[in-house]
Amino acid sequence: MKTIRFSKGFVTGIVFGIVLTFLFLIGFIETGSGLLSKLFGQPVPTNAMPKIFFVVLFFVLIGMWAGSSLVRKYREEPFKDLLPVILVGGLTFGAIMGIVAFIFGSIAKAGIDVRTYLVAVSPALIGLLMLKIADPTIAALSLLTLFTLATLLGAFLEYLWQRRFSDKAKELKGCVSKRLIRFVPQHLFEKPAVKYATFVIALALFILLPRVWGSYWNYVLGTVGIYILLGLGLNIITGWTGQLVIGYVAFFAVGTYTFALLTAPEPHGLMLNFWLALAIAVGTSALVGFLIGLPILNLRGDYLAIVTLGFAEIIRILLKSDLLTWFTGGPRGIRDVGGPTLFGMVLNDDVNFTYLIFIMVLLMIFFVARLQRSRTGRGWEAIREDQTVAKATGVNTFSSKLLALTLSAAAAGLAGALFASRNQFTGPEDHVLLVAINVMCLMIVGGIGNIPGIVLGALVLKGLPEILREISNFRMLAFGALLVVMMLMRPEGFLPAKRPKISKPEVPDSAQALKEDQGI
Amino acid sequence: MKKPNQSTMRTMLKVGKYVRWVLGIALGVFLLWRVVRVVTVEAAYTPDTWLRFGLSGLILGGMYALIAIGYTLVYGIMFMINFAHGEVMMIGAFCCFFVFELFRFLPAPTMTNPDLVFLNAHPFLSVLIAFLVGMFVSGCSGYLLEKIAYRPLRNAPRIILLITAIGASTFLQNAAMLLFGPQRKNIVNPAVLDRGAGWTIQFFGKPVLISYTGAFSLALSTILMIALYILVQKTKLGRSMRAVAQDKDSAALMGVDVNRVISQTFIISGILAGASGVMWGIHMGLVNHITGSLPGIKAFTAAVLGGVGNIPGAMLGGMTLGVIESIGPALLGIDFQLKDVIAFLTLIVVLIIRPSGILGERLSEEKL
Amino acid sequence: MKTCLETTGVTKVFGGLTAVNDVSLTVPENSIASIIGPNGAGKTTLFNCISGYYLPEKGQISFYGEPIQGFQTNLIARLGIARTYQNVRLFGNLSVIENVLIGQEPLLSANWLESTLKTRKAILEEKQAIERGFDLLEYVDLAGRENLLARNLPYGEQRKLEIARALASSPRLLLLDEPTAGMNPSESRDLTNFIRRLRDEIGLTILLIEHDMKVVMEISDQVSVLDYGIKIAEGKPHEIQNNQQVINAYLGVGSAELIGRYQKRKRKIYA
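Chains as they are written, first to last, in our numbering: chain F, 1 to 520; chain G, 521 to 888; chain U, 889 to 1159.
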């Protein structure tokens, strides 16, 4: 038994060592400790190095994580039996970090700049890794001790938590939530008065907030709203119908460009009415979706993914090329895209636009929720679950899938038109595959097939990076890792979808009243 | 209950079948007209240029074919598109870069030339080492990818596997970008294999260069393709792979270690992609984090073009796509910027007209 | 008595293997017909031909006189043929009632626009569908389970749900593929009675693939035996029981003779 345990510690140490070395090589140590210092209220200007203290803290936290993850695997053993494994883990981790520090420290000391090959590894970063200790050997040994101790500490704390406190904590949590539930009676939310009040408050917030919180937040929430539209749209074809579409950004591009070309003064000089252009953009996207679906939806499901990917790439290349500049405005994009007008009033400021996006999102949610509970929505989900059986049960799988794709494309077209209009500009760079990955991420994180999940996903994945500007470099890396990790651990998303509850149809009212009269 | 009109159903099915034929013929006629116009009327290019295009198409096609084989092997066994395969090729290309860089600065002075570096002193050894390293690292990458990201999801719905693959691809691309920077790196070949050097032949009175790097790439691609074909057809491993691809459960019942076979498939596709990556580095000379992305998509296109699940199909598809991409823009008289567009359009056209590919699909059937 | 289903010379070939070889079968309306035979005899393949999943190379399949071979599966479902599967294939992540609602697809007609706008037609249709769904669940004894996820049901209830889903489209012919697989004797008994009720109360025609001989012998009006894709025997249950070729097919060549000799010896001893 003991040999197996050692290897676990060893492996954990190596894994953490490799991960932290990787983070070092991409420059995340600087960012990570910067975030920590921000957390403690000492914001670091972007070009300066955070204090060593926070670097140490960052390392210690990671070491503690390693230790606690080791302990978490064993529930029954006493601490002293686990000690050897933890030591092995900590020493391995520390050894790896020490060796890395030694190597890079020596390189730095010799005056070689590795930035031709590893762009993030500046002398300053190496200094941080070595905890600003000049001599590489001492630095290596310090790191060895640091990580070993941190691992031990983390293991110990986790052990305490597991053995002594977690049961008590669970009890406490149960107590507290029971109290809270009593405090807020369940029926409260069913009373019409409460519903009315909630609605009024929501409405008030909806009207007031955009006016109050400044154009920056309007912009952020507007972007979130547009991504909610995209997420809901992708959800129809991928979340519900189970057909993966990678190049979803293609439909988005059709929407933005159709709208832009119809309302901008150049290159065509058509300055159509906002609403008309919007409708045409949505219609064109829907048509494109339809046309792509016709030949491809009959084939193997994976082909749709690749064809949409190819199509998205084609669109991007065509938009960027000089050839079609006469039509599309070329690499420089289209400026002065039109804004909304209502009865002659120009509503192009950020407040009104946020209202517009809010309203569109609400409409979309309404539309999509209704679809989910309908025969059409159920047919889609049946196709996802088991297409062959769905077809044998009578669902016309081809037309169902085609409808789903068309509606998804239409949603993307709507989002695209709004995007172009709000930014008053669009260009080929807005339509890179990254957008599609973004949308997929938020759909998956929030919860596939799940409307509240998508809203949450959009808020988290679009809102958070705006707040945590520091990590914008690492955003795509994190998304990629997030996709993999979510699929491995929680594919249903953070807010798993709940089936709509269908209850037994009620007995007609006259019979009910009769029953009540008779005191039954 | 609505009784569907059976005769209309039958006619619609027939019409659908003919539409494909009509579209195919119409497209063929249009393309033929265009090609004839360009070649004869406009005569924009002389025959030696055509040869040059053709040759570069074949060389490119060889690289695509190696990557396509990887896609088709994995798809045949697991019904998943390994989106991260392009990144495995990128890793191979980076290995080439690093090996060459190392040897470029490793001094190997001789009596006659005190400034000589290892790269130029032992060019063939350097190239060999680059290939071995590239293929090894890529093979390991394929293995790790499968072990970490795909194996736990072996029985999950396919869409989840696809999403994981996309996540892995994004992660690897961005990791490469954050580690090595977004700028494309220049790969310096040994002096003997300089990209401009090669044999010059006379074709229709004009000189045409067959570069050493190109010839080398094409030769190596062919050798690897033949080796793979022999592996799959004649060896025990190849038999196991084919068995697992046809029917996983029956193969398991016959004593095949399915997990191991799948890992080996990923390792082999990794090795081939790595070789392709190193070739790319030597022949094209530029590498960065998105080097693998476009060739990856195109290679899958090639696999579909040849018939998914079908190894000779992938080889044929790869070569064909390479040639189409190189000759296509010139042949149709359109801008070279659009060569990628031609590759994708080929895919779409093939899927509309002949979805099972040139040599036909070879995949296991769904059991009802 | 009308003929519900008739297959004439149906042949299905896969590469080198002839899975179904010139099988001709007639199933009269309002009866229970069973198809039995050793594993791999081609029974499920025949079902797949009938339900439209495969196109037979040769032969005709007609449903109430109309040819249906080669039709798409959803069309065949709309014409009134429903089926269950050897390994239960439910829509696992949907709720029980939703599975039954999807089963009613051939009867529903509200399109997406009507559903979204909640037109009167859509509301009415949905309401009726839900009522029908609940009735069906009660009929198969799954009342009260309607909002559970289908994949969380125990195995026996999953099979019942699959049957409910098949019944939801008001079919005229029901294809059951090994419905009692994995059931204990009392569950099998319940299911046998249930199938009989389907024929008697609703007037359904049922075509059954079964391995449990008790079930087959008890409720079948006719039994057909397939072996290596060929129909080797057909008739009333008791006729099949003693058929030499059937015994050989199940127990191996020569078994019929062995059994005959054993029975003769038994009679001699007890005579």
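Mixed in with the good hints, there may be bad ones.
[Said to hold, decoys possible] When the alpha-carbon atoms are kept at most 20 angstroms apart in a straight line, the in silico DMTMM-like pairs for lysine to aspartate or glutamate are as follows:
id: 1; chain 1: U; residue 1: K1015; chain 2: U; residue 2: E1026
id: 2; chain 1: U; residue 1: K1124; chain 2: U; residue 2: E1075
id: 3; chain 1: F; residue 1: K501; chain 2: U; residue 2: E1019
id: 4; chain 1: F; residue 1: K501; chain 2: U; residue 2: D910
[Claimed, not checked] Quick partial rundown of chain F residues pointing at chain G, CB under 7 angstroms, derived from the structure:
id: 5; residue: L25
id: 6; residue: V119
id: 7; residue: S321
[Said to hold, decoys possible] Each pair of labels, with its calculated beta carbon distance range:
id: 8; chain 1: G; residue 1: C660; chain 2: F; residue 2: F165; range: 25 to 35 angstroms
id: 9; chain 1: F; residue 1: S472; chain 2: U; residue 2: R1039; range: 33 to 43 angstroms
id: 10; chain 1: F; residue 1: L299; chain 2: G; residue 2: N706; range: 39 to 49 angstroms
id: 11; chain 1: F; residue 1: F367; chain 2: G; residue 2: L551; range: 37 to 47 angstroms
id: 12; chain 1: G; residue 1: L814; chain 2: U; residue 2: G897; range: 45 to 55 angstroms
id: 13; chain 1: G; residue 1: D769; chain 2: U; residue 2: P955; range: 53 to 63 angstroms
id: 14; chain 1: U; residue 1: Y1043; chain 2: F; residue 2: L362; range: 15 to 25 angstroms
It is worth saying that the hints were derived from the structure and are not from the lab.
Each residue gets a CB set at the ideal place from its N, CA and C atoms; glycine is no exception.
If any of the earlier hints don't hold here, list their numbers in rising order. Going through the list in order, the structure violates hints 2, 4, 8, 13 and 14 and respects the others.
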